[in-house]
Each structure stands twice: as structure tokens, then as C-alpha cells.
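So the sequences go chain by chain: A and B.
Each residue of the first sequence is one higher than the last, beginning at 1 in this note's numbering.
Each residue of the second sequence is one higher than the last, beginning at 1 in this note's numbering.
FYI, nobody ran anything at the bench for these hints, they're computed from the structure.
Model, not experiment: these values are computed from the prediction.
Heads up, the beta-carbon is just placed ideally off N, CA and C, and yes, glycines get one too.
A hint or two may mislead.
What the hints assert, rightly or not - Partner residues aside, some chain A positions facing chain B, computed with beta carbon under 8 Å:
1. Ile11
2. Val16
3. Val19
4. Tyr33
5. Met36
6. Asn37
7. Phe40
8. Leu41
9. Ile47
10. Ala52
11. Met64
12. Val94
13. Gly121
To be verified - When the alpha-carbon atoms are kept at most 25 Å apart in a straight line, the in silico SDA-like pairs for lysine to any residue are as follows:
14. A/Lys122 / B/Leu179
15. A/Lys122 / B/Tyr320
16. A/Lys122 / A/Ala96
17. B/Lys349 / A/Lys151
18. A/Lys151 / B/Ser166
19. B/Lys68 / B/Leu109
20. B/Lys186 / A/Phe139
21. B/Lys349 / B/Gly183
22. A/Lys151 / B/Trp328
23. A/Lys151 / B/Gly183
24. B/Lys186 / B/Phe57
25. A/Lys152 / B/Tyr320
Each chain, written out:
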Amino acid sequence: MALGSAIMVVISRNPVHSVLWLIITFFAISGHYILMNAQFLGIVNLIVYAGAIMVLFLFVIMLMNLNAETEPQKNKWLKLAGVVAGGCLLLVLVAALKQAEVKGKVAMLETGDIGLIRNLGKALFTDFVVPFEISSILFLSAMVGAVVIGKK
Amino acid sequence: MHSALLAIDLFLVIEKLVLIVGIVSISLVIAMYETYAERKVAAFIQDRRGPNRAGPFGILQPLADGLKLFMKEEIIPNTSNRFLFILGPCLAMLAAMMTSAVIPWGGTLNVFGREVNLQIADINIGILYVFGVVSMGVYGIMIGGWASNNKFSLMAALRGASQVISYELPMGLSLIALLMLTGSLKMSEIVGQQLDSWYNVLYQPLGFFIFLVCAFAECNRTPFDLPEAENELNFGYHQEYSSMKLGFYLFAEYINMFISSVVMVTLFWGGYDIPFINDTSLSGMGNWLVLLQGLSLFIKVAIFIFVFMWVRWTIPRFRYDQLMNLGWKGLIPLSLVNMVVTAAIVLLKANGWKF
Numbered sequence: 001m002a003l004g005s006a007i008m009v010v011i012s013r014n015p016v017h018s019v020l021w022l023i024i025t026f027f028a029i030s031g032h033y034i035l036m037n038a039q040f041l042g043i044v045n046l047i048v049y050a051g052a053i054m055v056l057f058l059f060v061i062m063l064m065n066l067n068a069e070t071e072p073q074k075n076k077w078l079k080l081a082g083v084v085a086g087g088c089l090l091l092v093l094v095a096a097l098k099q100a101e102v103k104g105k106v107a108m109l110e111t112g113d114i115g116l117i118r119n120l121g122k123a124l125f126t127d128f129v130v131p132f133e134i135s136s137i138l139f140l141s142a143m144v145g146a147v148v149i150g151k152k
Numbered sequence: 001m002h003s004a005l006l007a008i009d010l011f012l013v014i015e016k017l018v019l020i021v022g023i024v025s026i027s028l029v030i031a032m033y034e035t036y037a038e039r040k041v042a043a044f045i046q047d048r049r050g051p052n053r054a055g056p057f058g059i060l061q062p063l064a065d066g067l068k069l070f071m072k073e074e075i076i077p078n079t080s081n082r083f084l085f086i087l088g089p090c091l092a093m094l095a096a097m098m099t100s101a102v103i104p105w106g107g108t109l110n111v112f113g114r115e116v117n118l119q120i121a122d123i124n125i126g127i128l129y130v131f132g133v134v135s136m137g138v139y140g141i142m143i144g145g146w147a148s149n150n151k152f153s154l155m156a157a158l159r160g161a162s163q164v165i166s167y168e169l170p171m172g173l174s175l176i177a178l179l180m181l182t183g184s185l186k187m188s189e190i191v192g193q194q195l196d197s198w199y200n201v202l203y204q205p206l207g208f209f210i211f212l213v214c215a216f217a218e219c220n221r222t223p224f225d226l227p228e229a230e231n232e233l234n235f236g237y238h239q240e241y242s243s244m245k246l247g248f249y250l251f252a253e254y255i256n257m258f259i260s261s262v263v264m265v266t267l268f269w270g271g272y273d274i275p276f277i278n279d280t281s282l283s284g285m286g287n288w289l290v291l292l293q294g295l296s297l298f299i300k301v302a303i304f305i306f307v308f309m310w311v312r313w314t315i316p317r318f319r320y321d322q323l324m325n326l327g328w329k330g331l332i333p334l335s336l337v338n339m340v341v342t343a344a345i346v347l348l349k350a351n352g353w354k355f
């Protein structure tokens with residue numbers, strides 16, 4: 001379902017439909033998280049991405065009032081280059097996943113409840129406290145930056 | 001062995017199905033009578049009589065209204081996006097109903113020797129689930145407003161969505177302070193802690209106030225009903241809607257009101273606890289105690305619904321910039337302060353009041 005709706009994101013003609021398909025993709029991914037017993041991650045993914053960020057996306061796209069007629073026609077060579085680049089990316093991904101597959105499965109089976117909120121909090125605030133704090137500072141600076149730009 | 005497991009599962013499925021159907025129909029009936037109560041309260045505040053034609057005291061008025069909405073002609077505008085136009089009200093309704101799944105409606109009932117928990121799903125991320133569903137509610141408004149291909153509807157949808165997103169933040173922050181006290185995200189555990197101690201509202205009065213204001217904003221109720229400001233936007237995001245699809249939008253608002261009252265009661269006012277009485281001393285009453293507790297939950301909820309209506313007919317509508325200022329410059333800093341103070345006190349208490 002995640003793959004199907006992801007494909008629909010790319011091939012829908014209407015940008016608003018694309019965004020709606022992307023939301024369905026996020027739902028499907030959250031479903032995967034919950035199946036892997038990572039409930040916190042799943043629900044936060046829903047709240048943050050599907051609930052907030054995609055709404056802002058929808059805002060912008062609805063206000064731009066795009067439709068199929070006004071879409072700029074792309075160069076033929078540009079399309080060809082896109083296909084080649086996409087194919088290369090696919091090749092790299094397949095090669096990378098082929099090696100990683102077995103390892104990932106073993107790790108997932110052994111630590112089935114790592115995604116529960118208690119374990120997640122413990123891991124974040126003991127083993128990974130420095131990266132966690134650094135990322136929070138990054139967010140803070142991004143927020144200050146947004147305020148500065150907004151004031152102009 | 002295998003068949004025994006299957007049998008138990010079947011009972012569980014039946015039990016949950018009955019619960020879901022029961023709770024959904026209860027919320028629908030309550031939402032129906034909220035429309036009646038709203039008109040009666042408005043009439044009382046404005047010194048009128050209110051609906052009094054259908055049945056004694058006009059008690060059949062909601063049925064008549066529903067019948068009217070069902071019988072009306074259904075109009076789908078030519079230039080609208082048909083599928084999304086229908087999807088909008090469905091989503092609004094769905095999001096409104098889904099929250100009730102994690103709310104503990106009472107203790108465990110004893111039915112024919114089976115313990116039946118009056119909570120549909122006791123997941124350990126209960127509150128986050130509520131937030132997830134609330135943030136889904138925006139899509140009903142946005143899709144409906146955009147699909148009707150009308151500038152006023154679009155403007156109203158944008159307003160509604162940005163309002164809901166902005167007020168989700170202080171709501172979440174005020175809840176974080178509460179969660180630091182309870183130490184659990186499970187709704188059933190939060191109620192359980194309040195059963196034999198003080199209600200959370202005594203520890204978190206500011207948090208409760210912020211939550212209340214945000215709940216008004218999330219439900220698009222009057223001091224914050226900018227998406228439906230008639231004098232600026234004709235009618236709001238449901239301008240192009242007619243018949244029962246319009247009814248669904250309006251109904252979803254009333255269900256939201258009911259559900260947010262329930263959430264407030266559960267988190268801050270002890271859920272199904274009977275006030276001023278130690279519930280454990282009545283445990284000999286068995287099932288009757290559980291029913292009494294459920295009744296006390298509904299009485300508390302009714303009081304909150306009345307507060308919603310009271311505020312609606314008392315406070316005039318905000319201007320849009322005032323609304324945003326209140327949200328971002330008033331409530332968020334206030335809830336941040338509340339959070340920090342609570343965190344400091346919790347930490348000090350854990351250290352035995354030593355610095």
C-alpha cells in the first residue's frame with residue numbers, strides 16, 4: 001500500500017491529489033511502524049508529518065492554483081536525463097538493500113520492544129543524550145532563523 | 001488448545017464490536033441532543049423560549065431537523081471535485097468519532113462471568129493517539145473547502161486549518177506538564193491515579209485553563225469560530241454544501257465538542273470517579289458501581305458541554321490577528337512557563353526538596 005500510493009504521488013496529474021496520496025503514504029508507513037511495535041514513532045510520524053507538515057504543503061499548493069493546462073512543458077532531453085538518473089539511484093538502492101537485508105531482520109527480532117515509549121526515552125536520554133541535545137539546538141536555531149526571516 | 005484460543009478471540013471480537021457500536025451510537029445521540037440543548041441554552045440566555053413545537057418542550061426537534069436535512073436536495077457544484085467533495089464531510093465525521101476509542105468510559109463490568117473493560121483500546125500511547133486523530137480532523141475542513149472550488153470556502157478552510165494547527169501546540173505543551181505528573185500516557189492509568197487522590201486540575205489549574213481555551217479553538221466554537229465568520233466569508237468552508245453533507249459537518253462539530261469534553265474530564269477531572277466519595281468503599285455494589293461511575297462521567301461531561309454553550313453565547317468573536325496573537329504570543333509562552341515550573345517541582349520532589 002505504501003508503494004502503491006507512493007507511485008500515485010508521482011503519476012497524479014493534479015498536485016493536490018499528489019499531496020493527498022502522499023498523506024496516505026505516511027499513513028501506510030505509520031502502519032508499518034506500529035506493526036514493528038514502534039508505536040511512539042508511528043503516532044509521532046502521523047502527528048508531525050501527516051498532521052502538520054502536509055497541511056502546510058496543501059496550503060501552498062491550493063493557493064498556487066496549479067492545474068494541468070498551466071503546467072510548463074518539459075524538454076525531451078530533460079526527461080531522458082531524469083530517467084537515467086532515476087535508474088542509477090534505483091541500481092544503487094537495490095545494491096545497498098541486497099546486502100543489508102539479513103542483518104536488519106535479525107536486529108529487529110531481537111529488540112522487539114525498543115520502540116515502546118519508555119525504552120525509547122531511556123535510550124534517548126542515557127546513551128544518545130549528546131546527539132539528542134545537539135539536534136534540539138539545531139531545531140532552536142532553525143526556529144530563530146524562521147522568526148528573523150519572518151520579521152523582514 | 002487451538003480451538004479454545006479461537007473461541008476466546010471470538011468473544012473478544014464480539015465484546016469490542018458491541019462496545020464500539022454502543023459508544024458510537026451514544027455519541028451520536030448526545031450530539032443530536034446537543035443541538036437541541038444549544039438552542040435551549042441560547043434561548044435562555046437571550047430571554048427567549050427556544051424550540052417548543054415538536055413534542056413536549058420541543059424534545060423531538062433534533063429528529064425533525066435530521067429529517068429535514070435528509071429530505072433536502074443534494075447539490076454538488078459542477079466545477080467541484082466530486083470525489084473530494086464527498087470525502088470532506090466523511091473525513092470530518094470519521095476523525096470526530098475515532099477519538100472515543102481510547103477513552104476509559106468506566107471500570108470493568110462483569111457480564112456472565114467475563115470481565116469487560118469499558119475501554120475499546122487501552123494502548124500505551126493513549127494521549128498521543130488523541131492528538132494524531134485531532135490533527136487528522138484538519139483534512140476534513142481543508143479538502144471540503146478546496147473541493148467546492150469557491151474562494152470563500154478556500155479562505156475559510158485555510159483559516160480553520162491554520163487555527164487548528166496553531167492551537168495544537170499550546171494544547172500539547174499544557175499536556176506535557178500533566179504527563180510529567182502522571183508519568184504515563186495511558187488514559188486508564190491517568191484516571192486510575194485520580195481515583196484515589198486529588199483530581200489533576202488541582203495540580204494543573206493553568207494547564208487545564210490553557211487546554212480548555214485550546215479545545216474551544218480546536219472545535220471552531222464561538223470565540224474562535226473564524227472559519228464560519230458569516231460577515232466576512234458568507235458562510236464558511238461548508239458554503240457549497242447542502243443536505244446531509246452539510247449536516248455531517250455541523251454534526252462533526254457537536255461530536256467534537258462532546259469528545260473534547262470527555263477528554264478534559266478524563267485528564268483533569270477524574271474521569272469516571274464519583275466526586276466526594278471513596279469509590280473503593282462501594283466496591284460491593286459490583287456492576288451497579290460501574291454504571292454509577294459511567295453516569296458520573298456523563299454528568300461531568302454535560303457540565304462541560306454547558307460551559308461550551310455558555311461561552312458561545314457570552315463572548316463575542318475574535319478578530320483573526322487577535323486569534324493568532326493569543327495563540328502564539330499568549331498561550332504558548334504561558335504553557336511553556338507552566339511546563340518548566342512543573343518540571344522543576346517534579347524534579348525537586350524526586351530529590352526530596354533538596355537543591
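Worksheet item: Which of the numbered hints above does this structure break?
Response: Of the numbered hints, 1, 3, 4, 5, 6, 8, 11, 12, 13, 15, 16, 17, 19, 20, 23, 24 do not hold.
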